[in-house]
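My request is simple: use the sequences and hints to build the entire structure.
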Amino acid sequence: MIRIQHEDFDASRETAALIGGRTDVGALVTFSGLVRDVAIELEHYPAMAQRLLEQLEADACRRWPLKACLIVHRIGRLEPGARIVLVATAASHRRDAFDAAQFLMDDLKTRAPFWKREFHAAGPRWVDAAEKDVDAARRWR
Amino acid sequence: MRLLYFAWVREKIGISEEVRARPVAVTNVGELLDWLEAQGPGYAAALAQRRLVRVAVDGEAVDCRHTISDDDEIAIFPPVTGGAS
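Order-wise, the sequence lines are chains A and B.
Counting from 1, one number per residue, gives the positions in the first sequence under the working numbering.
Counting from 1001, one number per residue, gives the positions in the second sequence under the working numbering.
Some clues are possibly wrong.
[Claimed, not checked] Distance windows between CB atoms, simulated:
#1 B:Thr1027 <-> A:Pro65: 36 to 46 Å
#2 A:Asp10 <-> B:Ala1021: 44 to 54 Å
#3 B:Gln1039 <-> A:Ala17: 45 to 55 Å
#4 A:Ser92 <-> B:Val1024: 56 to 66 Å
Bear in mind the hints are in silico, worked out from the structure with no lab data behind them.
Built from N, CA and C at the ideal position, the CB exists for glycine as well.
As structure tokens, then:
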């Protein structure tokens, strides 16, 4: 399931809803990304972002035997310490859940049309894409 | 064609979207970027560093050789920076 929203999320409530009632899940991995140091504003291309995250989720479900999968990505202005993104993967075994969650975060960073602007004391600044993120995504190819 | 601009591409061009008639000589994404770059100082500033410009047609990432047509939605933007550290 994919959601793009302004509102905050509660990771434990989200995962409870994701796997509620299931008895075949042995491993649940959740990753929460937080705003570090300075406030940010997240801009996105709505139609493409939704579709791309759905594609990533489908890719992950093809590569690993996932029981359930969730991506929540926030947009708009977010203060330091705020939650930005939630990835949750559920599988029978921990390796699949860990790997799928890492794949989703790595590919999301380099492919999903979101752009971050940081609010520094000297003024706002668009964040540059990092080479290390491209390298991180490449290892799943 | 409907052109969408995001992040600093949007800021430099000064608008978030516009509808333009496709010139006959513009048949692919590379030619579109060359033509747009000559449309004014904002366009030139946004597209000068071509290495930092990404394009999606109807929501799919494409390269400079991708053929475009009159009813395409063409988004032009910097490398993406979503997610978290």
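The hints, checked one at a time:
1. B:Thr1027 <-> A:Pro65: 36 to 46 Å: Cβ of Thr1027 of chain B to Cβ of Pro65 of chain A: about 45 Å, so the range 36 to 46 Å holds.
2. A:Asp10 <-> B:Ala1021: 44 to 54 Å: With a Cβ separation near 49 Å, Asp10 of chain A and Ala1021 of chain B satisfy 44 to 54 Å, so the hint holds.
3. B:Gln1039 <-> A:Ala17: 45 to 55 Å: The hint (45 to 55 Å, Cβ to Cβ) holds, given that Gln1039 of chain B and Ala17 of chain A are roughly 49 Å apart.
4. A:Ser92 <-> B:Val1024: 56 to 66 Å: Taking Cβ atoms as reference, Ser92 of chain A and Val1024 of chain B lie about 58 Å apart, which means the hint holds.
Consistency note: the structure conflicts with none of the earlier hints.
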